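Protein chains in written order, with this note's numbering: chain R, 840 to 1294; chain F, 38 to 783; chain Z, 2 to 227.
Hints listed in this document are in silico derivations from the structure and should not be mistaken for laboratory results. As the structure is a prediction and not an experimental result, all values here were calculated from the model. Where a beta carbon is used, it is the ideal one built from N, C-alpha and C, also for glycine. Take every hint as true, because none was put in to throw you off.
Among the chain Z residues that face chain R by a calculated CB cut under 8 Å, a handful are:
1) Gly41
2) Arg42
3) Glu50
4) Pro76
5) Cys81
6) Gly103
7) Thr104
8) Arg105
9) Ala108
10) Ala110
11) Phe117
12) Phe118
13) Gly143
14) Leu212
Read off the chains here:
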Amino acid sequence: MSQPAHARINVDLLRPLLRTSWRFYFLVAALGSIVLTALVSWLSQAFFGFGVTGIRWPVYWGFYVTNFVFWIGISHAGTLISAILRLVDAGWRRPVTRCAEVITVFALMIGAMFPIIHLGRPWLAFWLFPYPSERLIWPNFRSPLVWDFFAINTYLTGSVLFLVLPMIPDFAVVRDKATGVRKTIYTYLACGWRGTPRQWHRLETAMQIMAIGIVPVAVSVHTIVSFDFSMAPVPMWQSTIFGPYFVVGAIFSGIAGLLIAMAVLRKVLHLQDYLHPVHFQNLGKLLLVMALLWGYFVFNERLVTYYGNGPSEMAVFWRTQRESFAPLYWTMVICNFVLPLVLMGIRYFRTITGCVIASLGVVVGMWLERFLIIVPSLGHKYLPYSYGIYRPQPVEIIIAIATFAAMMLLYVLFAKLVPIISIWELKAGRASASLAEAVGEGGDARPVARGEANL
Amino acid sequence: MDRRSFIRLTAISGTGAALASCGTPENELIRFVPDEDIVPGQAVFKPSVCPLCSAGCGLTVRLMDADADVMRNGKSGVVRILAAKKLEGNAAYPVNAGALCARGQAAIQTTYHPDRITQPLKRSGQRGDGRYAAMSWDDAIGEVVKQLDALETAGKQKALAFFSRSNRGHRSALIAHFLARFGAPASISYDIFGDEVLRRANAISFGREQQPTFDLPNARHVISFGADFLGTWNSPVSQGHGYGLMRQGRSGVRGTLAQVEARMSQTGANADEWVPAKPGSEGVIALGLAHLLMMEKLRTAAAAGRAGAAIDGWSAGLPDYAPERVESLSGVSTARLTRLAHALAERTPSVAIVGGAPLAHTNGLVTALAVNALNALLGSVEKPGGLFFTPQINLAAASKAPAATPSPSESLDKAAAAAQVVLIDGANPLFTAAPEWKLREALQQVPFIASFSTFLDETTAMADVILPDHTFLESFAEALPESGSLTAVVGAAPAAMKPLHDTRATPDVLIEISQKLARPLNLPWMTFEEMLTATFMALPAMTEGSDAWTDAQEKGGWWGTLPARLVTQAAATPAATKPIAYAEPGFDGDATQYPLHFLPYSSSAFLDGSLAHLPWLQEMPDPITSAMWSSWVEINTATAAKLGIADGDVVEIASSHGTLRAPAVVSPGIAPDVVAMPAGQGHRTFTRYASGRGANPIEVLAPARVEGTDALAWAATRVKVTRVSGADGSLILFAGGSREEVRGRG
Amino acid sequence: MPKWGMAVDLDRCDGCGACVTACHAENNISTVGADQAARGRAKHWIRVERYWEGEFPDVRLKFRPVMCQHCDNAPCEPVCPTYASHHTPDGLNAQVYNRCIGTRYCANACPYNVRFFDFFNPSWDKPLHLQLNPDVSLREVGVMEKCTFCVQRIKATTIQAKSEDRPVKDGEIQPACAQACPSRALVFGDLSDPESEVSRLSRSPRGSKLLEDVGTKPSVTYLSKQ
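So here's chain R without its partners, still in its complex pose (with noise of 0.2 Å):
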């Protein structure tokens, strides 16, 4: 695990800091225009009437609910890299981390939109914040749906803090070494950061609480996502299985999207020296085991579906089987299980590349399982009079193709403004990782040198 020199560190990871090239504007301007399109076409959703959408009686969740579920899922990435990895500090995760939290800080501002995008009057979605309001009554805290605002809600507040306590001592760095406007703004988001042992040891701190902390509320968030679906009882929604089967599935799709990430900001960005082979091996093993556990949890749900030969569950169960959703179920067991069990599993395939592949399959794998969880169910409840058919309408797909931009979009900017890779981190594990070899197998690894490690 060999990183380059200090000096050198600073210059490659600050460069798309510093210098900006067309293909940087021309970037954001093509994914600025999708977005643009997406919120034109939210606000004609607005205005016209929510009936420019798909739903109908009786499917009323759709492509949006779906979205939701997908972008609160791949939030699950940060966390439980970052967190995880930290706590039992694995020291490959250095290069991974900010990465990794900045998809989950994008990821939640996206799924978070989604309750509202949903919304049948979302000029009045703030009701949902429990304010003494001239109504006099409170939300409904036995809502799922009011679990979620809470629970969204904490995890972006606790997300965003993840995401930029590490930052400081980075924005420092910047702040040393940039001049004018720039130098006043990075001077503002430094905190008056020094680099004393004190202000460390705060900083170390900070992170351990936060590490633990973010632990249970991204695991209980997903499954407060879960509840939207198994609190209604609906064929093939009612199972106790939702919550732990709904945060695999999170983290699975987590990490595929944070290894398309790393794929990419390695190509882009000239990190290569940084972003090893190994550390895509290693997020490909942990895919792999996401990949077996999701693969655990359907098969255990679809088993005792079938034991249970209700009548309506197995009509949907069916439907999703062999019938008119058959194609997209196999896809989705193909890309989530199938390709990833073949490519993560084979050390042949664990390629960087292999890795790509596997990752963009689980994606797409992984929001075909929440539209196959959605609306094969709703429309085949259990009166068949009342059975529906769902086709999705321009507006959402327009909003679900403008997530993917958004999410890109705002990596972009985030990647041009603040080092992808957190500059001290890696020289931290740089020091500790020369410390101990200096002293010899069983070392301290906290790195006493911290002071030297600025900057």
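Got chain R; can you put chains F and Z on it based on the hints?
Just chains F and Z, lined up with the frame of chain R:
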């Protein structure tokens, strides 16, 4: 901010606000003084009578205040009116006993329809292209008077053809008076799904040219031959009400129903035993059952009296109708026939009903006579649980006016061909006439056509002058129900609300025309109200200390036992009526080229199409298919598979007289050699809700007649069906699935 | 305190659909038109389900009117974030249009699929708007609506009875559907009065609840065909 800025800001924004409120449209809205006393927010209930079908159900109208947009003296504004909000069944009225069918509920939309004709119109384009300009009432009436005077001068009074609705009642009587005194033939009330054949049969069998009434609440077993008596046939609300009582209205006794038909109707869906029968074989089945009853000595031939005597071979026990022959003709097994016969004999009182498609085959009259004879054999005629005839008031006797019977009219097509002047009152025969009658061509040749209709339908679009009628809520509503009640009913009610538009009540317009003719007709009454009052004055009061007319205006009519002299008596058997034998049905179209029987039927939503303009009815899911805003063709599951047709596929129906295209509905409730299609859609012109929507099954019908009558045999056409394309979105279904999942089905 | 409920006698129901149109007329339900009906937006608060059984010639067709069941254990109530769907003391599941923000969770949770969404602002071609019932609110785009057991009629009759200082008589309150039904298949009344007709019918051996095993405890009892 400083003081100066504050003052400046306040002045500017204040002025701006004041200016902004000037010139807003709301301030220019004129509120006219109401024409009537209205207490806001308080509901008022008034009686009325539903005009949409021949049942003549009584209504209670709920009225509340509303603001109507009006134009007065060239200025637009609003005026508070007492507006009808909801129609309910009149709880005291015998026919419907407080209930009301879906169509009756939607009747309120005729009054508020956006495409109503709101004033007299004069044709300004070519005949049939629907372009009209406003004209005054005086001019409109003057034009009609001028045309009738011209006929009078030329001695061609017989060249006046009058197309009317088929309701019996005072309006029809007034029209009859008018035509008789003018010298024109009787009005033609062509109703494709009307029961002309059944009335004729009832006249022969029972002396009553009238639709029957069934005492269902006391019946223990009913067999219906094709009659959709719970849906669209005869008096559906009264029959539905009776059906409910028949099933669960008596402790420990549950009436049963058997239905014999080729296509499962809404009524047939409720049957305890559904008997598919070959089209046109219902008569032979009835005779087969009668044969079994007589052969097994469960009933005696003589019991059938006059009705039995009308059937050839009756007194001998119908030897030609042994079960084996009946089975071969009808497809109903001998075992089943025996079971059906025993049910009729044992579960008494039992009664047989016939209507709909069986009476629309070429042998329809025989079928009706056969079922009448069966009823007589069962002893159900004028007995509890059986078949009755609602006592009918003799209007001529009641009004003391001299009777006026115009000469009989020709059939629709002949009359149109010979006419010089055609007057249309609420009828749309261009939509329901058989295409081969060439009615449109005939009407094109008529020099003058005037219509009193409220809507621009196909027939009214041929008119030169339109004198729009009020809707029933805006004028005297009345009906003389010929069925649906065991006691006599004379329905009548004053207008429930003031007219919304510049329309006039047609009966009063006819009276005015009659007075303005060069040779005034001197009708016995000056107004329609006078005519109604005259009838009611002859009736005893319903409440003490009152009179029948005052009672009627509060209750919505008169009902009870008619004084003897006012009752229309049964007629004696027509002399020299030969007993009739069963004839097999004849079909138009070669069986190899046209392998399927075509069955148009009166639809729940639109009946014969006269209600397709009402949006609630367009959006109401059909009871059998759940279709909305659509036309469709019902095809048997196996037949559809053979022809490669799936639900929603567009198919072409071709007879030797026409073709049409419509989406298919694959149905297990129809015989493999039959395809069925609801009537009602396929209007060329009929307001924004129905124009250009769907297809009209009548357009492929052969001009076959029911033998012995003038009625169109609308079930006698054979067709072929071919798949044209996949679904084109024209079939709109409310329902998703049509079967409940069966437990354990993998 | 009354507890409102309904009995539906499937032996009396003949599938005519009068209840469907009566409900539209009473409750200001907008007609959505052919295009929107094709996209699944028709709002039939009460519908008459029909199910085929068997194949020709041994085929049967069954009718079943389904409206909001006003469940005692309504799954639509806990999930509404704004209390738009809530239970009243007299046993109704109330839908407060003004609180609804249109998450549509309630409609998903309803096993009977009796909740309908306003996809567009309703409109009536003038002067059809003159028919609108002043006692029933119009719903704007984005809110859920469903059968209310004609709560406006319940309220009006209750207030009337109170002003006359007498109890409400059994059968005095008739929702539009029950009043229109020719065969009297729909009976509405107070389930807490053991002598009312609806209570008597609910005790019938032919009686059962729709989707009983889902555990919603509906207030509507269906009497099967004998």
